[in-house]
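Model the placement of chain P on the given structure of chain H, informed by the hints.
Note that the protein sequences, when read in sequence, are chains H and P. Every letter in the first sequence is one number past the one before it in our numbering, and letter 199, counting from 1, is 576. Every letter in the second sequence is one number past the one before it in our numbering, and letter 106, counting from 1, is 483.
These are computed hints drawn from the structure, not numbers from a lab. Since the model is a prediction, treat every value here as computed from it, not as a measurement. Careful, some of the hints might be misleading.
It does not matter which identical chain is used: a pair holds within one copy or between any two.
As the list claims (entries may be wrong) - Computed list of lysine-lysine pairs in BS3-like fashion (alpha-carbon distance at most 25 Å, straight line): (1) Lys461 <-> Lys432; (2) Lys671 <-> Lys474; (3) Lys582 <-> Lys489; (4) Lys489 <-> Lys474; (5) Lys673 <-> Lys432; (6) Lys556 <-> Lys504; (7) Lys671 <-> Lys432; (8) Lys504 <-> Lys474; (9) Lys489 <-> Lys673; (10) Lys474 <-> Lys432; (11) Lys437 <-> Lys474; (12) Lys461 <-> Lys437; (13) Lys671 <-> Lys437.
There are 2 protein chains.
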Amino acid sequence: MAVYTDVAADELAEFLSRYDIGDLLSYKGIAEGVENSNFLVHTTAGSFFLTLYEKRVAVKDLPFFLGLMAHLAGHGIVCPQPVKTLDGETLGTLAGKPAAIIDFLEGVWPRKPNAAHCAAVGQALAKLHLAGRDFGMRRANALSVPGWRPLFDQAASRADNLQHGLRAFMSDELDHLEKFWPRHLPEGVIHADLFPDNVLFLGEKLSGLIDFYFACNDILAYDVAICLNAWCFESDHSFNVTKARAFLNAYGRERQLSTGEQTALPLLARGAALRILLTRLVDWFNVPPGAMVKPKDPLEYVRKLRFQQGVSSMRDYGVTPSGVVA
Amino acid sequence: MAVYTDVAADELAEFLSRYDIGDLLSYKGIAEGVENSNFLVHTTAGSFFLTLYEKRVAVKDLPFFLGLMAHLAGHGIVCPQPVKTLDGETLGTLAGKPAAIIDFLEGVWPRKPNAAHCAAVGQALAKLHLAGRDFGMRRANALSVPGWRPLFDQAASRADNLQHGLRAFMSDELDHLEKFWPRHLPEGVIHADLFPDNVLFLGEKLSGLIDFYFACNDILAYDVAICLNAWCFESDHSFNVTKARAFLNAYGRERQLSTGEQTALPLLARGAALRILLTRLVDWFNVPPGAMVKPKDPLEYVRKLRFQQGVSSMRDYGVTPSGVVA
Numbered sequence: 378m379a380v381y382t383d384v385a386a387d388e389l390a391e392f393l394s395r396y397d398i399g400d401l402l403s404y405k406g407i408a409e410g411v412e413n414s415n416f417l418v419h420t421t422a423g424s425f426f427l428t429l430y431e432k433r434v435a436v437k438d439l440p441f442f443l444g445l446m447a448h449l450a451g452h453g454i455v456c457p458q459p460v461k462t463l464d465g466e467t468l469g470t471l472a473g474k475p476a477a478i479i480d481f482l483e484g485v486w487p488r489k490p491n492a493a494h495c496a497a498v499g500q501a502l503a504k505l506h507l508a509g510r511d512f513g514m515r516r517a518n519a520l521s522v523p524g525w526r527p528l529f530d531q532a533a534s535r536a537d538n539l540q541h542g543l544r545a546f547m548s549d550e551l552d553h554l555e556k557f558w559p560r561h562l563p564e565g566v567i568h569a570d571l572f573p574d575n576v577l578f579l580g581e582k583l584s585g586l587i588d589f590y591f592a593c594n595d596i597l598a599y600d601v602a603i604c605l606n607a608w609c610f611e612s613d614h615s616f617n618v619t620k621a622r623a624f625l626n627a628y629g630r631e632r633q634l635s636t637g638e639q640t641a642l643p644l645l646a647r648g649a650a651l652r653i654l655l656t657r658l659v660d661w662f663n664v665p666p667g668a669m670v671k672p673k674d675p676l677e678y679v680r681k682l683r684f685q686q687g688v689s690s691m692r693d694y695g696v697t698p699s700g701v702v703a
Numbered sequence: 378m379a380v381y382t383d384v385a386a387d388e389l390a391e392f393l394s395r396y397d398i399g400d401l402l403s404y405k406g407i408a409e410g411v412e413n414s415n416f417l418v419h420t421t422a423g424s425f426f427l428t429l430y431e432k433r434v435a436v437k438d439l440p441f442f443l444g445l446m447a448h449l450a451g452h453g454i455v456c457p458q459p460v461k462t463l464d465g466e467t468l469g470t471l472a473g474k475p476a477a478i479i480d481f482l483e484g485v486w487p488r489k490p491n492a493a494h495c496a497a498v499g500q501a502l503a504k505l506h507l508a509g510r511d512f513g514m515r516r517a518n519a520l521s522v523p524g525w526r527p528l529f530d531q532a533a534s535r536a537d538n539l540q541h542g543l544r545a546f547m548s549d550e551l552d553h554l555e556k557f558w559p560r561h562l563p564e565g566v567i568h569a570d571l572f573p574d575n576v577l578f579l580g581e582k583l584s585g586l587i588d589f590y591f592a593c594n595d596i597l598a599y600d601v602a603i604c605l606n607a608w609c610f611e612s613d614h615s616f617n618v619t620k621a622r623a624f625l626n627a628y629g630r631e632r633q634l635s636t637g638e639q640t641a642l643p644l645l646a647r648g649a650a651l652r653i654l655l656t657r658l659v660d661w662f663n664v665p666p667g668a669m670v671k672p673k674d675p676l677e678y679v680r681k682l683r684f685q686q687g688v689s690s691m692r693d694y695g696v697t698p699s700g701v702v703a
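One chain only, chain H, in its complex shape (with noise of 0.2 Å):
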């Protein structure tokens, strides 16, 4: 979690007199995410999230994030939406930091996905992508391939304390991929973490997709891949081509991936790979003091890069490349 950020009660009754969202009744700081503090705030009209905004995430790339939350959910996207102020504004000031006020969706999150979740993941980020094409904003990755070479330079000397050979392996690895890493493959918006706790459920359905603050304009397919590495994997870390063949037919179903993007699928799949494991590689040296979190283990993103240097192609993702519109 992450509470960084103390608020007081009456301070956030007045915040919420803004709103027409009834009276506070409660309200309780929340032990998810790194980059923000949250809430889950009851009113006499219901449940919803504050949001103080930390200084990890830009002030600017605020409208971004919550113009494009309203946006999915006026596309028929199941994703929290911003709730307007009185004055129509989404965005406010709450204890010194900037604050939102959201739509709380119900749903649990999956521990252990199984290959029905990973189907209706496939169709969400499809629906996702196809929902995006008419968003008016942009946003630039700051994570994509020339966003890595700095944070390399951050973990490098410190990888091999965490395993021998770490610096070397992700060294040569970053060279490949500035190298080889595709041109003129389809963009659009993406989600850009849309990692299992990011998908909420009501019992084999899926309820909502959540946490949009990595959202940016990239690769479409990139979205694919990062998702391939975070649901498709058991936690003895091989690789289920059951749940990654329903994943990726269900996201082909809603939007068919190009013969591009499927031969660029391996490479984009590694890239999504180093770009967590340099992150994670990061935050794991770099725990913040009061941050309230456990970092994630880096050599798990190891294990799924070393799995995506050996595909060759979609067939080892469970799915025949046939059939598919050039």
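Just chain P now, kept in the frame of chain H:
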């Protein structure tokens, strides 16, 4: 907060199926509490608290805590009630830990208590003491005077790192309290931790007392002393006589303090301050990994202890000892 134990959605749903409280909609780890893992659970029947008891709480004490909450609620004290399973149990096992479902009470705790809050707490504390009289179970206070010297021994060697002279200051105080601690004062069930974050309000109205996991049998006036320290000082560490008067008068209207209790109150308040100072000091030097809490400032209670050392009678708390039944 504390969320020491991760709970998977399917095991929680299974756990909840033993209760008649509807289906799981969502659950969020709460950034509160130090001793336990707490979750706010939404079901189709409403909101509930899920507490997983971590090792700092002795399993053998749980029937006392849960029984007391049920007893007090049955005597008009607004406090969370443990919810019974279909089999009539209040304690189960989840994720390998003892676990209970507790009513969720709406309300917010006052960051800056005013005199009206203090009066409400005084009244509620006295009612709690009266309601506890016919509670059938007993639990010794593990953190009463005999428990302080082991805490002192744990923290003493490092105390002067925090403040020069702190070790000797505490040692002298401990000697004094061990020698002069009162006997034969009225005893009963005390809350023992009724700090502002354990008292909920909706507007000006007290909406509930929470967190009974330090409750025990001890001198009733010791509970009064704990509250004097916790509620009647300003954030600049000055003592607020108006708040103390409001608190003590409201307490006295429900349960009059005897002459013996009044005479002993300053000494009890010294003990209450030393007790908090010692546990905060031990916590300060022993933040458990993954605890996700910032330890509280021990020095706040050095200042409170020094104030209490200078108190000679109830007059220093803003009330006259006259008119009190001996």
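Status of each hint after checking the structure:
1. When the C-alpha separation of Lys461 and Lys432 is checked against a cutoff of 25 Å, the pair qualifies only within one copy, where the shortest distance is 23 Å, while the shortest distance between copies is 44 Å.
2. With identical chains, the CA atoms of Lys671 and Lys474 are at most 25 Å apart both within one copy (24 Å) and between copies (20 Å).
3. When the C-alpha separation of Lys582 and Lys489 is checked against a cutoff of 25 Å, the pair qualifies only within one copy, where the shortest distance is 15 Å, while the shortest distance between copies is 44 Å.
4. In this assembly of identical chains, Lys489 and Lys474 lie within 25 Å of each other by CA distance solely across copies; the values are 20 Å between and 35 Å within a copy.
5. In this assembly of identical chains, Lys673 and Lys432 lie within 25 Å of each other by CA distance both inside one copy and across copies; the values are 20 Å within and 24 Å between.
6. For the homomeric pair Lys556 and Lys504, neither the shortest alpha-carbon distance inside one copy (31 Å) nor that between copies (74 Å) is at most 25 Å.
7. Taking the closest pair of Cα atoms, Lys671 and Lys432 come within 25 Å of each other both inside a single copy (19 Å) and across two copies (19 Å).
8. For the identical chains of this complex, Lys504 and Lys474 are neighbours neither inside a copy (33 Å) nor across copies (41 Å), given an alpha-carbon limit of 25 Å.
9. When the C-alpha separation of Lys489 and Lys673 is checked against a cutoff of 25 Å, the pair qualifies only within one copy, where the shortest distance is 17 Å, while the shortest distance between copies is 37 Å.
10. Taking identical chains as interchangeable, the C-alpha atoms of Lys474 and Lys432 lie at most 25 Å apart only when both belong to the same chain, with a minimum of 9 Å there against 36 Å between chains.
11. Taking the shortest alpha-carbon separations for Lys437 and Lys474, only the intra-copy value of 13 Å comes in at or below 25 Å, while the best inter-copy value is 44 Å.
12. Taking identical chains as interchangeable, the C-alpha atoms of Lys461 and Lys437 lie at most 25 Å apart only when both belong to the same chain, with a minimum of 18 Å there against 50 Å between chains.
13. In this homomeric assembly, Lys671 and Lys437 never come within 25 Å of each other (Cα to Cα): the closest approach is 28 Å inside a single copy and 30 Å across copies.
Violation of the numbered hints given earlier is confined to hints 6, 8 and 13; the remaining hints are satisfied by the structure.
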